[in-house]
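Visitor: Each chain, written out:
Number of protein chains: 2
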Amino acid sequence: MTINRDIVITEVALRDGSHAIGHQYTIEQVTAVAKALDEANVPYIEVAHGDGLGGSSQQYGVSLTDEMELIEAAVSVCKKAKIAVLLLPGIGTMKELRQAASIGAKMARIATHVTEADVAPQHINLAKELGMETVGFLMMSHMVPTKKLVEQAKLMEKYGADTVYVVDSAGAFLPHEVRERIEALRQALDVNIGFHGHNNLSLAMANSLAAIEAGATKIDGSVRCLGAGAGNTQTEVLVAVLERLGLKSGIDLYKMMDLAETIVAPILKTPQEITRNSLVLGYAGVYSSFLLHSQRAAERFNVDSRDILIELGKRKVIGGQEDMILDVAAQIAENPISVKK
Amino acid sequence: MTINRDIVITEVALRDGSHAIGHQYTIEQVTAVAKALDEANVPYIEVAHGDGLGGSSQQYGVSLTDEMELIEAAVSVCKKAKIAVLLLPGIGTMKELRQAASIGAKMARIATHVTEADVAPQHINLAKELGMETVGFLMMSHMVPTKKLVEQAKLMEKYGADTVYVVDSAGAFLPHEVRERIEALRQALDVNIGFHGHNNLSLAMANSLAAIEAGATKIDGSVRCLGAGAGNTQTEVLVAVLERLGLKSGIDLYKMMDLAETIVAPILKTPQEITRNSLVLGYAGVYSSFLLHSQRAAERFNVDSRDILIELGKRKVIGGQEDMILDVAAQIAENPISVKK
Numbered sequence: 001m002t003i004n005r006d007i008v009i010t011e012v013a014l015r016d017g018s019h020a021i022g023h024q025y026t027i028e029q030v031t032a033v034a035k036a037l038d039e040a041n042v043p044y045i046e047v048a049h050g051d052g053l054g055g056s057s058q059q060y061g062v063s064l065t066d067e068m069e070l071i072e073a074a075v076s077v078c079k080k081a082k083i084a085v086l087l088l089p090g091i092g093t094m095k096e097l098r099q100a101a102s103i104g105a106k107m108a109r110i111a112t113h114v115t116e117a118d119v120a121p122q123h124i125n126l127a128k129e130l131g132m133e134t135v136g137f138l139m140m141s142h143m144v145p146t147k148k149l150v151e152q153a154k155l156m157e158k159y160g161a162d163t164v165y166v167v168d169s170a171g172a173f174l175p176h177e178v179r180e181r182i183e184a185l186r187q188a189l190d191v192n193i194g195f196h197g198h199n200n201l202s203l204a205m206a207n208s209l210a211a212i213e214a215g216a217t218k219i220d221g222s223v224r225c226l227g228a229g230a231g232n233t234q235t236e237v238l239v240a241v242l243e244r245l246g247l248k249s250g251i252d253l254y255k256m257m258d259l260a261e262t263i264v265a266p267i268l269k270t271p272q273e274i275t276r277n278s279l280v281l282g283y284a285g286v287y288s289s290f291l292l293h294s295q296r297a298a299e300r301f302n303v304d305s306r307d308i309l310i311e312l313g314k315r316k317v318i319g320g321q322e323d324m325i326l327d328v329a330a331q332i333a334e335n336p337i338s339v340k341k
Numbered sequence: 001m002t003i004n005r006d007i008v009i010t011e012v013a014l015r016d017g018s019h020a021i022g023h024q025y026t027i028e029q030v031t032a033v034a035k036a037l038d039e040a041n042v043p044y045i046e047v048a049h050g051d052g053l054g055g056s057s058q059q060y061g062v063s064l065t066d067e068m069e070l071i072e073a074a075v076s077v078c079k080k081a082k083i084a085v086l087l088l089p090g091i092g093t094m095k096e097l098r099q100a101a102s103i104g105a106k107m108a109r110i111a112t113h114v115t116e117a118d119v120a121p122q123h124i125n126l127a128k129e130l131g132m133e134t135v136g137f138l139m140m141s142h143m144v145p146t147k148k149l150v151e152q153a154k155l156m157e158k159y160g161a162d163t164v165y166v167v168d169s170a171g172a173f174l175p176h177e178v179r180e181r182i183e184a185l186r187q188a189l190d191v192n193i194g195f196h197g198h199n200n201l202s203l204a205m206a207n208s209l210a211a212i213e214a215g216a217t218k219i220d221g222s223v224r225c226l227g228a229g230a231g232n233t234q235t236e237v238l239v240a241v242l243e244r245l246g247l248k249s250g251i252d253l254y255k256m257m258d259l260a261e262t263i264v265a266p267i268l269k270t271p272q273e274i275t276r277n278s279l280v281l282g283y284a285g286v287y288s289s290f291l292l293h294s295q296r297a298a299e300r301f302n303v304d305s306r307d308i309l310i311e312l313g314k315r316k317v318i319g320g321q322e323d324m325i326l327d328v329a330a331q332i333a334e335n336p337i338s339v340k341k
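Keeping their order, the protein sequence lines are chains A and B. Numbering-wise (UniProt numbering), the first sequence opens with residue 1 and increments by one. Numbering-wise (UniProt numbering), the second sequence opens with residue 1 and increments by one.
Looking at chain A on its own, in the form it has when it is part of the complex (with noise of 0.2 Å):
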């Protein structure tokens, strides 16, 4: 039987949410979560390191078990639901990707920063050609005007994507700014799009109705909030305000309620909300590997570490670029004029 759906759901707790259990997962977490959700009529999955296929590094953190497992793991107790996995190219590989392929991954994403998609178009061949479902992830979308990412998601489409996603990678777009950007490529692109969104404003919901009202059709959560920061869009509240609204997710609510109270939330070992840290990577708008890094910085040269990831957005550093915090640093304290009001 099909189910009807205005709004396709990908949980993404067993990818996103490994960030938030420093890449603990287990074989019989995962499997305990992927069937729950798939009883519960979710519809795809996400499982792989917190970064992606081939994640697991000194650099990334290293995982407990390794990720073809736990994919194996959901793919033997899903009787409907689809498995995801995430890909970025650098990180994971095309051996990485035939192997997912291979063990039963169904729906390939591949994620790039918002202005690099042309890394994209051999990984999405091959997914196509492994016959999986594909989708450009158009990660930390904030950081460029709507014609950039217009251009970027229409190099999305045209490499063959599916779907193409607006990534909200730093939980930083107000709804207004997701509305436009999702008016535009509603405007400029024939394939499905999708939001991806991040709690540090306390905007992840509102974000995802925005994307919805202008056009999206394609949402990802993370049930109990388990993902990196300060989480995604909740699940099962999601799909309790879609009910709200008339809209169908075909996912059952009091079993997505049932599975986030009694087996998600055991497994964080503190509640996910909304801390300093992750209400300044919201606020600044940058990657959550700097925060670490303008931490020492800060101590370093007596700043404070917020002046230097506010500064570090508007300057629109991107992950690589890390030795600008030292020089962002030394000229904050050199030049002490606090970018905060």
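These are computed hints drawn from the structure, not numbers from a lab. Don't take each hint at face value.
The list cannot tell twin chains apart, which means a pair is met if one copy fits it or any two copies do.
[Unchecked claim] Using 27 Å as the maximum straight-line C-alpha spacing, the simulated DSS-like pairs for lysine-lysine come out as follows: (1) K255 x K316; (2) K314 x K255; (3) K128 x K154; (4) K248 x K314; (5) K248 x K316; (6) K255 x K158; (7) K35 x K106.
Chain A is fixed; fit chain B onto it per the hints.
Guide: Positioned in the frame of chain A, the structure of chain B alone reads:
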């Protein structure tokens, strides 16, 4: 020096947050929080039992510390911030209002069920005689159509309220519903309009922004979400979001972040999050006091407590009608047409 504020925030953690900690505030906690809020330039700080002045009782929960002592403590450390009190006629009396004014409270928020503004005039009059700013606080505003809400708000204005608040006690509103109501009030009233949200549907921030867009200038927040249910609009996050929108709250963002992290977070035994119970209350749009009754009735009649709560919400059952809960449970047991999809 007068601080320029586009949006005037009232911090409610020391009143609404009392629910979240079982009314166990100590003098030391209230002193520390109020002092830090004052130093961060928060203009109004509400202090009282969670159910308002006089709420300490077996029925509503016995306060560890007499609320008048807490109010005195807060008044004594605030150089600029004004202390507000909440009063629900029927729970609190004129006597407590006089006492609160005599020890330095400067704002009286007179709270009634959204259909019962007519119990407020005496208390508003007294507050004005005592030289206090006055607020008409319309609780459970989601339970009535906009027209009825406007009628009741106009009563509050007629009685002399300086501000009328739309209060989303159950965290049940969706943003478009808030927008419609605030717009209607903006047309109908000359006084200030306020919004008090709860986060049960992860929409407290979205609803606060919708209220502001529609003309509200007074917004309640609770630092670190320290409020009843899933907590309120998170104050330090609201301050950050307003800055991003170019709106002045007059509050120091860094100081708010710091006090949230170092002074308020340690007060919470477990961080605030959206649990199954708070979600179902927001989804059903019912009083939190119905939860335990419904769970007991559900056990007795072998039905799902959520079906009871949702049916109570549909029937717009209000506080004092708890006897309806058993009736509804019995009816669901006899005729188990699930209300869920």
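Visitor: Against each hint, give a clear statement of whether it holds in the structure.
Guide: Consistency of the hints with the structure:
1. K255 x K316: between (42 Å within a copy, 25 Å between copies)
2. K314 x K255: For K314 and K255, only the inter-copy Cα distance (21 Å) is at most 27 Å; the intra-copy one is 43 Å.
3. K128 x K154: Answer is within; shortest intra-copy Cα gap is 18 Å, inter-copy 62 Å.
4. K248 x K314: between (39 Å within a copy, 20 Å between copies)
5. K248 x K316: Result: close only across copies, 25 Å inter versus 38 Å intra.
6. K255 x K158: This pair counts as neither: shortest intra-copy Cα distance 38 Å, inter-copy 48 Å.
7. K35 x K106: Close inside one copy (17 Å), not across copies (56 Å); limit 27 Å.
Violated hints amount to a single one, hint 6; each of the other numbered hints is respected by the structure.
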